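S.K.: Using the sequences plus the hints, can you model the full thing?
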Amino acid sequence: MADKVKTAFLLAGGCAGCEMSVVDLSEVLVDALESLEIVFWAPTVADVKYKDLEEMPDKSIDLAFVDGMIRNSENLHTVQVLRQKSKILVAFGACATLGGIAALGDLYTKEELFDQAYKTSFSTDNPDGIYPTPDYMLDGKYHLTIPAFLDNCSTIDQVVDVEYYVGGCPPHPSFVGKLVGAILAGDLPPAGSWLTCGKAVCDICKRNPAITGQERLPVGEIKRTIDGQPDFEKCLLQQGYMCFGPVTQGDCGASCLNVNIPCRGCGGPIPGIKDFGARCVSTLASSMADDATAVQFIEKYNDMAKMFYRYSHTASNLNHTIAERKEK
Amino acid sequence: MSYDPNIVGFACQWCTYAGADLAGNLRATYPPSIKLIKVPCSGRVEPEYVMEAFAKGADGVMIGGCHFGDCHYKTGNHKTSQRMTILSKMLEDMGFDSKRFRVEWISGAEGYRFAEVIEEFTKELQELGPSPLKGGNGHGR
Chain A
0 MADKVKTAFL LAGGCAGCEM SVVDLSEVLV DALESLEIVF WAPTVADVKY
50 KDLEEMPDKS IDLAFVDGMI RNSENLHTVQ VLRQKSKILV AFGACATLGG
100 IAALGDLYTK EELFDQAYKT SFSTDNPDGI YPTPDYMLDG KYHLTIPAFL
150 DNCSTIDQVV DVEYYVGGCP PHPSFVGKLV GAILAGDLPP AGSWLTCGKA
200 VCDICKRNPA ITGQERLPVG EIKRTIDGQP DFEKCLLQQG YMCFGPVTQG
250 DCGASCLNVN IPCRGCGGPI PGIKDFGARC VSTLASSMAD DATAVQFIEK
300 YNDMAKMFYR YSHTASNLNH TIAERKEK
Chain B
0 MSYDPNIVGF ACQWCTYAGA DLAGNLRATY PPSIKLIKVP CSGRVEPEYV
50 MEAFAKGADG VMIGGCHFGD CHYKTGNHKT SQRMTILSKM LEDMGFDSKR
100 FRVEWISGAE GYRFAEVIEE FTKELQELGP SPLKGGNGHG R
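Line by line, the protein sequences give chains A and B.
Quick note: the first sequence, position 302, residue 301 per numbering that gives the first Met the number 0, numbers continuous.
Quick note: the second sequence, position 107, residue 106 per numbering that gives the first Met the number 0, numbers continuous.
Bear in mind the hints are in silico, worked out from the structure with no lab data behind them.
Keep in mind the model is a prediction, meaning the values are calculated, not measured.
A few of these clues could be false.
[As the list claims (entries may be wrong)] Pairs of lysine to any residue, SDA-like flavour, derived with a Cα cap of 25 Å:
{"hint": "1", "chain 1": "B", "residue 1": "37", "chain 2": "A", "residue 2": "285"}
{"hint": "2", "chain 1": "A", "residue 1": "273", "chain 2": "B", "residue 2": "97"}
{"hint": "3", "chain 1": "B", "residue 1": "73", "chain 2": "A", "residue 2": "217"}
{"hint": "4", "chain 1": "A", "residue 1": "305", "chain 2": "B", "residue 2": "54"}
{"hint": "5", "chain 1": "B", "residue 1": "98", "chain 2": "A", "residue 2": "290"}
{"hint": "6", "chain 1": "A", "residue 1": "299", "chain 2": "B", "residue 2": "47"}
{"hint": "7", "chain 1": "A", "residue 1": "299", "chain 2": "B", "residue 2": "97"}
{"hint": "8", "chain 1": "B", "residue 1": "98", "chain 2": "A", "residue 2": "295"}
{"hint": "9", "chain 1": "B", "residue 1": "73", "chain 2": "A", "residue 2": "220"}
{"hint": "10", "chain 1": "A", "residue 1": "305", "chain 2": "B", "residue 2": "96"}
{"hint": "11", "chain 1": "B", "residue 1": "73", "chain 2": "A", "residue 2": "218"}
{"hint": "12", "chain 1": "A", "residue 1": "305", "chain 2": "B", "residue 2": "48"}
{"hint": "13", "chain 1": "A", "residue 1": "299", "chain 2": "B", "residue 2": "80"}
{"hint": "14", "chain 1": "B", "residue 1": "34", "chain 2": "B", "residue 2": "115"}
{"hint": "15", "chain 1": "B", "residue 1": "73", "chain 2": "A", "residue 2": "282"}
{"hint": "16", "chain 1": "A", "residue 1": "118", "chain 2": "A", "residue 2": "71"}
{"hint": "17", "chain 1": "A", "residue 1": "222", "chain 2": "B", "residue 2": "92"}
[Claimed, not checked] Some, not all, of what chain A presents toward chain B, calculated at C-beta under 7 Å:
{"hint": "18", "residue": "273"}
{"hint": "19", "residue": "274"}
{"hint": "20", "residue": "280"}
{"hint": "21", "residue": "281"}
{"hint": "22", "residue": "284"}
{"hint": "23", "residue": "287"}
{"hint": "24", "residue": "290"}
{"hint": "25", "residue": "293"}
{"hint": "26", "residue": "303"}
{"hint": "27", "residue": "304"}
Yeah, the Cβ is synthetic: ideal placement off N, Cα and C, and Gly gets one too.
M.R.: Okay, structure coming up:
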């Protein structure tokens with residue numbers, strides 16, 4: 000290989016878990032660094048500033064990863080700059096592709112979120128009701144600014160064009176390893192694709208009844224994860240624990256199922272799904288025995304929007320338009 | 000406020016669609032608010048379709064299937080019922096009025112009932128006003 004592949008990582012509104020996943024590659028990353036040159040990795044790993052990114056020539060970065068959603072004006076700005084500077088932009092992880100956990104905040108208004116965070120929560124002592132403001136004049140002479148909190152979350156592709164999507168919260172290190180290999184070998188699908196093995200979690204899961212030739216039976220009793228301990232061998236759905244394995248990409252190697260925890264869909268929708276939550280409703284409901292089971296499910300799990308859109312609320316069809324309505 | 004609601008209807012070809020046909024033959028009158036889409040079975044209607052209809056500005060969505068026990072494919076309408084019970088709660092939890100979403104069981108012999116249901120649903124939607132999402136029929140935004 001002639002030149003090293005110029006690579007950038009940007010943490011937008013996420014938790015840096017996806018970057019931990021990259022660091023978890025350990026030796027694989029060390030080997031890959033022979034053909035990768037990290038030109039930008041902020042604000043977490045490398046000593047590079049945003050202004051350094053702004054000064055880079057356009058399209059000078061070969062491969063850029065963004066993890067985290069767009070939550071404030073800083074995220075929005077840096078992602079737009081990064082897009083301008085890079086040839087290939089990869090939305091990396093659940094937040095960047097679908098909105099992630101923090102996107103559930105869109106179920107509330109900005110005011111409700113601020114009240115909860117800075118006023119009404121149990122551990123908060125704020126009798127004057129002081130909220131953070133984007134601008135502040137200190138001692139009458141120092142003009143301080145912080146990024147402004149946007150009205151709602153966006154995924155990366157709602158703001159700029161994205162070439163590839165990688166799901167997972169975070170993407171599993173072994174999968175990231177394979178991914179880096181594929182990228183270096185130039186083995187990439189057409190732009191706009193998800194980088195995935197294309198199989199559902201159930202295809203990978205050792206508990207799948209199909210492996211032992213058993214038939215799937217309708218479930219009559221719904222359980223929450225706190226109800227008893229699930230059998231380690233048997234399919235969780237068959238035991239009544241609601242699992243999103245059938246509709247979620249299985250690049251994680253069914254990690255959660257290996258430790259007896261049901262899948263909640265962080266891997267993103269398997270190919271062909273437009274709206275993760277809606278398809279998930281369809282799949283889970285048809286595994287139930289009757290209407291009474293569906294009602295039991297609603298009673299036990301309470302909030303269906305938070306249940307089905309745990310990682311994908313921003314990407315849902317209705318979400319943005321509802322958010323707009325709320326502001327009015 | 001009076002307006003013409005825009006209803007997207009999914010009708011099972013064996014029952015509700017035949018019912019709608021019969022309503023025509025019987026010359027039953029009902030408002031021209033519903034746009035019917037014929038599907039092989041109400042069980043074929045994915046919750047995704049309902050969400051998409053709403054996202055694109057439908058004021059109401061109705062799914063029509065056979066009565067329990069009458070399904071041509073035996074369990075299709077039971078599946079619809081389970082799915083849509085959950086979907087309806089999900090719409091509500093997302094901040095969307097689930098009154099705009101109906102599941103009705105109308106057989107091929109119930110032409111008048113079809114007309115009645117559409118009339119009632121249209122009236123209800125007129126009271127609710129245009130969909131907050133886009134305002135079907137070009138009303139609202």
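S.K.: Decide, hint by hint, whether the structure agrees.
M.R.: Structure-based check of each hint:
Taken as a hint, the residue 37 of chain B and residue 285 of chain A pair is honoured in the structure, with Cα atoms around 22 Å apart against an allowance of 25 Å. A distance of roughly 21 Å separates the Cα atoms of residue 273 of chain A and residue 97 of chain B; the hinted pair therefore holds under the 25 Å criterion. Between the alpha carbons of residue 73 of chain B and residue 217 of chain A the distance comes to roughly 15 Å, so the proposed pair stays at or under 25 Å and holds. Proposed proximity of residue 305 of chain A and residue 54 of chain B is supported: the alpha carbons are some 19 Å apart, at most 25 Å.
Annotation: proposed proximity of residue 98 of chain B to residue 290 of chain A holds, straight-line Cα distance about 19 Å (limit 25 Å). The hinted pair formed by residue 299 of chain A and residue 47 of chain B meets the criterion: a straight-line CA distance of about 23 Å does not exceed 25 Å. Annotation: proposed proximity of residue 299 of chain A to residue 97 of chain B holds, straight-line Cα distance about 20 Å (limit 25 Å). Simply put, residue 98 of chain B and residue 295 of chain A have alpha-carbon atoms about 21 Å apart, close enough for the 25 Å limit, and the pair holds.
Of the pairs offered as hints, the one joining residue 73 of chain B and residue 220 of chain A holds, with about 22 Å between alpha carbons and a cut-off of 25 Å not exceeded. For the suggested pair residue 305 of chain A and residue 96 of chain B, the alpha carbons sit about 17 Å apart, so the restraint of at most 25 Å is met. Pair hint residue 73 of chain B plus residue 218 of chain A holds up; C-alpha atoms about 18 Å apart against a cutoff of 25 Å. With a C-alpha separation of about 20 Å, the suggested pairing of residue 305 of chain A with residue 48 of chain B holds against the 25 Å cut-off.
Taken as a hint, the residue 299 of chain A and residue 80 of chain B pair is honoured in the structure, with Cα atoms around 19 Å apart against an allowance of 25 Å. Between residue 34 of chain B and residue 115 of chain B, the direct Cα distance comes to roughly 16 Å. Compliance with the 25 Å bound is thereby established for this hinted pair. With a CA separation close to 18 Å, the supplied pair residue 73 of chain B and residue 282 of chain A stays within the 25 Å bound. Pair hint residue 118 of chain A plus residue 71 of chain A holds up; C-alpha atoms about 20 Å apart against a cutoff of 25 Å.
The suggested pairing of residue 222 of chain A with residue 92 of chain B holds, with an alpha-carbon distance near 21 Å, which does not exceed 25 Å. Look at residue 273 of chain A: its Cβ gets to within about 6 Å of chain B, closer than 7 Å, so that hint holds up. A cut of 7 Å between beta carbons decides the hint on residue 274 of chain A: the least distance to chain B is about 5 Å, and the hint holds. For residue 280 of chain A, the interface hint holds, since its Cβ comes within 7 Å of a Cβ in chain B; the closest pair sits about 5 Å apart.
Checking residue 281 of chain A against chain B by beta carbon gives a least distance of about 5 Å; that is within 7 Å, so the hint holds. With a least beta-carbon distance of about 4 Å to chain B, the hint placing residue 284 of chain A at the interface is held under the 7 Å criterion. With a least beta-carbon distance of about 5 Å to chain B, the hint placing residue 287 of chain A at the interface is held under the 7 Å criterion. This hint holds: residue 290 of chain A has a C-beta 6 Å from the nearest C-beta of chain B, less than the 7 Å allowed.
Checking residue 293 of chain A against chain B by beta carbon gives a least distance of about 4 Å; that is within 7 Å, so the hint holds. Proximity of residue 303 of chain A to chain B holds as hinted, the smallest CB-CB distance being about 4 Å (cut-off 7 Å). Checking residue 304 of chain A against chain B: minimum C-beta separation of about 4 Å stays under 7 Å; hint holds.
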